[in-house]
Structures are given as structure tokens and as C-alpha cells.
Amino acid sequence: MLRMNWRFVFLFAGLVLVQVLILNNMMLGGYANPQLYILFVLILPVNVPGWLLLASSFVLGLILDAFSDSMAIHAAATVFMAFCRPAMIRFVTGNTVMQGQEVPSFSVFGGFSLILYALALILLHHAVLFFLEIFHFAEFVQTLSRIVISAGLTLVFTIIGFALLERSFSN
Amino acid sequence: MRNLFRFIQRYHFFFLFLVFGTVAMALTASYQSDHRAFFIHSANAVSGKIYQAFDDVTAYLSLKQVNRQLLNDNTRLLNRQRENFVITDTDVFISADSIFQRRFSYMHARVINNSVTRRDNYLTLNKGLNHGVAPDMGVIAANGVVGIVRNVSANFSVAMSVLHSDMLVSVKIKKNDHIGSLHWEGNNYREAHMTYIPPHVELAMGDTIVTSGYSVVFPENILIGTIKDWEIRRGETFFTATIDLALDLNKISYAYIVKNLMQDEQKELELSVTSDI
Numbered sequence: 001m002l003r004m005n006w007r008f009v010f011l012f013a014g015l016v017l018v019q020v021l022i023l024n025n026m027m028l029g030g031y032a033n034p035q036l037y038i039l040f041v042l043i044l045p046v047n048v049p050g051w052l053l054l055a056s057s058f059v060l061g062l063i064l065d066a067f068s069d070s071m072a073i074h075a076a077a078t079v080f081m082a083f084c085r086p087a088m089i090r091f092v093t094g095n096t097v098m099q100g101q102e103v104p105s106f107s108v109f110g111g112f113s114l115i116l117y118a119l120a121l122i123l124l125h126h127a128v129l130f131f132l133e134i135f136h137f138a139e140f141v142q143t144l145s146r147i148v149i150s151a152g153l154t155l156v157f158t159i160i161g162f163a164l165l166e167r168s169f170s171n
Numbered sequence: 001m002r003n004l005f006r007f008i009q010r011y012h013f014f015f016l017f018l019v020f021g022t023v024a025m026a027l028t029a030s031y032q033s034d035h036r037a038f039f040i041h042s043a044n045a046v047s048g049k050i051y052q053a054f055d056d057v058t059a060y061l062s063l064k065q066v067n068r069q070l071l072n073d074n075t076r077l078l079n080r081q082r083e084n085f086v087i088t089d090t091d092v093f094i095s096a097d098s099i100f101q102r103r104f105s106y107m108h109a110r111v112i113n114n115s116v117t118r119r120d121n122y123l124t125l126n127k128g129l130n131h132g133v134a135p136d137m138g139v140i141a142a143n144g145v146v147g148i149v150r151n152v153s154a155n156f157s158v159a160m161s162v163l164h165s166d167m168l169v170s171v172k173i174k175k176n177d178h179i180g181s182l183h184w185e186g187n188n189y190r191e192a193h194m195t196y197i198p199p200h201v202e203l204a205m206g207d208t209i210v211t212s213g214y215s216v217v218f219p220e221n222i223l224i225g226t227i228k229d230w231e232i233r234r235g236e237t238f239f240t241a242t243i244d245l246a247l248d249l250n251k252i253s254y255a256y257i258v259k260n261l262m263q264d265e266q267k268e269l270e271l272s273v274t275s276d277i
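Protein chains in written order, with our numbering: chain A, 1 to 171; chain B, 1 to 277.
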């Protein structure tokens with residue numbers, strides 16, 4: 001696993017560019033942005049080492065922060081999401097013993113489990129992100145609606161992403 | 001000691017999460033305490049260059065609209081030229097040069113990154129230290145206030161947009177000069193709210209709101225928008241008016257950076273009064 005896997009390096013760079021150059025300029029429903037870049041954290045192989053998972057999430061988040069002038073809130077949200085990922089994988093796959101090389105995908109997880117897995121982690125990520133953005137709990141209902149709407153958008157983009165990458169990332 | 005190492009090794013995932021999470025939170029908190037010392041922003045060399053390169057390409061898509069906007073600006077400015085007016089009574093008013101000391105100077109900048117969808121929005125401009133931009137300068141467009149410069153690098157600067165929770169602009173109602181302050185409550189980026197209007201003030205739909213000139217950042221009489229609606233909110237004694245912003249911040253591609261040449265002087269003077277008390 002530790003051998004450099006160029007597919008993931010390209011995916012990392014590609015997602016950053018798509019996110020900051022295209023998706024951050026998109027405005028859907030007035031104030032919601034899809035955060036497609038977290039697809040990178042979702043799609044890492046099941047047995048990715050913990051330190052690599054957390055470190056790459058931190059760097060990914062920090063790069064997004066540098067591009068969108070958002071302090072370090074993307075980094076915090078992405079690291080939190082990465083931390084919850086192993087538990088979420090165990091939960092949706094029902095402790096099925098996997099070989100570990102697999103990349104989360106429709107064929108490995110099954111459609112329902114994959115969507116559940118993605119949606120749960122997206123919601124956790126967005127909750128941290130949006131509450132850190134306003135830095136207090138005022139405007140609670142408004143923030144909640146932003147979380148739900150943005151999470152829905154992100155989920156749609158993420159599922160499309162999974163479908164497009166299904167072939168090139170299956171081992 | 002061995003046990004401690006084994007303990008850390010066993011739960012290294014959790015400890016690593018704590019480390020990364022703490023660093024991210026500490027970075028975020030350090031921004032709150034001193035945003036000028038903060039180093040992760042889009043005015044830095046890499047992200048600035050990437051935005052610039054992307055903007056060079058996409059700028060072509062909005063050329064038509066930008067041209068029309070520039071044409072409008074030019075026409076408006078031409079109409080203001082002194083040559084357009086005939087001075088009929090020269091005996092009444094003689095101006096000595098020293099009366100007209102320049103207070104504000106302007107430079108134009110291209111907006112190379114912008115957002116309106118977040119709760120706190122920022123713009124990146126392609127002018128920086130090399131062009132004389134400094135923090136706390138105002139940013140305006142032909143038909144409205146855009147924001148205030150916060151971070152500056154050699155060639156770029158990042159401005160806090162009007163659509164930011166920390167942004168307060170001192171404004172007034174043009175017809176009767178009553179002042180209030182403008183802030184954005186999130187949601188709709190075409191609307192902001194003007195607060196602290198005394199309840200005896202007569203308001204009407206469509207009243208024009210302009211900057212008051214009381215701040216050290218913006219000149220007086222820059223258009224903000226028009227009153228759409230107003231109410232006295234529960235628990236308050238002042239009117240809060242909903243303002244339709246004249247400027248569509250989502251469409252902005254050029255802006256003017258305003259330098260107040262007497263900003264430091266005014267600030268120092270005002271500070272010396274409050275510190276004397």
C-alpha cells in the first residue's frame with residue numbers, strides 16, 4: 001500500500017482544482033456550495049494506514065483553506081471526518097472481513113451501503129465546517145439548513161464521482 | 001515507560017487525530033485574535049498565481065458585460081467633468097488651491113477570486129504591496145461598496161466583502177441624512193440590513209442609502225442601495241430596514257481600491273480623545 005500510488009496523487013490535485021476553480025464559484029439555492037473535494041478521503045483504500053489517512057486529510061483541508069480564506073476550518077472538518085471513517089466503514093459493511101486493498105465503491109460496498117457511508121461522513125464534515133465558519137451557535141436554524149442543503153448537493157456530486165471513478169479505481 | 005509507548009502505539013490513530021485537530025483549531029483561533037499575522041490566505045504566491053491564471057482564461061467569457069460596465073462608468077465620469085458646466089457667477093466664489101486638498105485617491109484592480117455563498121465572504125484582488133495597497137483600504141465599485149482590504153502580499157490582496165459577519169458600514173439615508181449602520185445577515189446576497197434608524201424618521205420604499213462619510217475607510221455618498229422594507233424588531237427601539245443592494249457582488253469583475261490619505265491622522269486624533277478620558 002505504501003508504494004506511491006499515482007492515481008491518488010492525481011485525484012488529489014484534480015479535486016483541489018475542480019473545487020476551488022469551479023465548484024466554489026457555483027451558487028446553488030442561494031448559499032450552498034457542494035464540497036466535492038472530500039471524495040478523496042472517502043475513496044482511499046479500506047486499509048489505508050491511519051497516519052496517512054489523517055495527514056492527507058489535514059493537508060487537503062489546509063490547501064482548501066488557503067484558497068478560500070477560511071482560517072483552518074476545512075482542515076479541522078476534514079480531519080474529523082477522516083477520524084470517523086474507519087468506524088463508519090466497519091458500521092456499513094457490518095464487520096465483513098475485507099482483504100483491505102479495496103477502494104470503497106458500488107461493487108465492493110453495494111449501492112445502499114456506499115450512499116449511507118458517504119452521507120454520514122459528509123454530514124459530519126459539513127456540521128464541523130459550517131459551525132466553525134460562524135464560530136458561535138447563533139443563527140442555529142439557518143446554519144442547520146445550510147448544512148443539510150450543502151450535504152445534499154455534496155452527496156449528489158460525490159455519488160457521480162464514485163460512479164465515474166468506479167472503473168479506474170477498482171483493483 | 002514501555003507501557004506508555006505501547007499505549008500510544010495502540011491508540012496512535014486517536015492521538016494523531018487529536019494532534020491534527022488541535023493544530024487546525026489553534027490555527028483557526030489564531031486568526032480570530034490577529035488576522036493580519038495569519039499566513040494561510042489566498043494572497044500567497046501559489047494560490048494567487050493559480051487564480052490569476054484561471055482568471056486570464058475565464059475573463060474572456062465576461063468581456064462583453066465588462067465592456068458595457070466600463071462604458072457606463074466612463075459616461076458617468078465624463079458627465080461630471082467641470083468642462084461640462086458653465087460657471088455663471090464667478091465673483092461669488094474664489095477657490096484657493098489649499099482648500100481642495102486631496103483626501104481620497106483611487107486605483108483600479110481586477111477581482112480574481114470572489115464568493116457570495118458563504119457566511120463570511122472574501123475577494124482576492126490583483127493589486128498588492130507593489131502597487132501601494134495596504135490593509136484597511138476600502139474597495140468600491142461603480143455602483144456600490146465592495147469591502148475592506150485585510151491581507152496584502154507583494155502582488156495580491158484579500159478584501160473582506162460586505163457579505164461578511166464582521167463588516168459594518170456607516171451609511172445614511174440620502175434624503176434626510178439620518179445615519180445608521182449596514183450589515184449582512186446571511187442568506188440572500190442581494191439584501192443587507194440597516195440598523196439604528198430612530199423611529200421618528202419617515203421612511204419610504206425606494207429611499208436611497210449611501211455611505212455616510214463618517215468612517216475612515218469610505219468616502220461620502222457612495223451608493224449602497226434602496227430601502228425595500230422596514231420594521232421595529234422585537235425587543236428593539238430602532239427601525240431595522242431591509243436594503244436592496246445596488247451592486248450585484250456575484251457579477252463583479254473590476255473594483256476600485258480607495259486610499260484615504262488622511263486615515264492615520266483621523267484615527268490618531270480620534271484615539272487620542274478616547275485615551276484622554
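Hints listed in this document are in silico derivations from the structure and should not be mistaken for laboratory results.
Computed from a predicted structure; not experimentally measured.
Careful, some of the hints might be misleading.
[Claimed, not checked] Covered stretches of chain B (chain A as the covering partner; in silico rule of three or more C-beta atoms under 8 Å from a C-beta of chain A):
(1) 12-25
(2) 114-125
[Said to hold, decoys possible] Derived, one-sided and incomplete: chain A residues facing chain B with beta-carbon distance under 7 Å:
(3) W51
(4) I73
(5) E102
(6) F131
Even for Gly, the Cβ is constructed at its ideal location relative to N, Cα and C.
Q. Should the interface hint for E102 (chain A) be scored as holding, given a Cβ-Cβ cut-off of 7 Å against chain B?
A. 20 Å, violated
(Q) Min Cβ distance, W51 (chain A) to chain B: is it shorter than 7 Å? (A) Holds, about 6 Å.
(Q) Tell me whether the statement that chain A covers the stretch 12-25 of chain B is true, taking a Cβ distance below 8 Å and needing three residues at minimum. (A) With 10 residues close enough to chain A, the hint holds.
Q | Restraint outcome when F131 (chain A) is required to lie within 7 Å of chain B by C-beta distance | A | The hint is violated - F131 (chain A) has no Cβ within 7 Å of chain B, the shortest such distance being about 10 Å.
Q: Have a go at the I73 (chain A) hint: is there a Cβ in chain B nearer than 7 Å to its own Cβ?
A: Result: holds, 6 Å to nearest chain B Cβ.
Q | Given coverage of the stretch 114-125 of chain B by chain A, tested with a Cβ cutoff of 8 Å and a minimum of 3 residues | A | With 9 residues in contact (Cβ-Cβ under 8 Å with chain A), the coverage given for the stretch 114-125 of chain B holds.
Checked against the numbered hints above, the structure violates hints 5 and 6; every other hint is satisfied.
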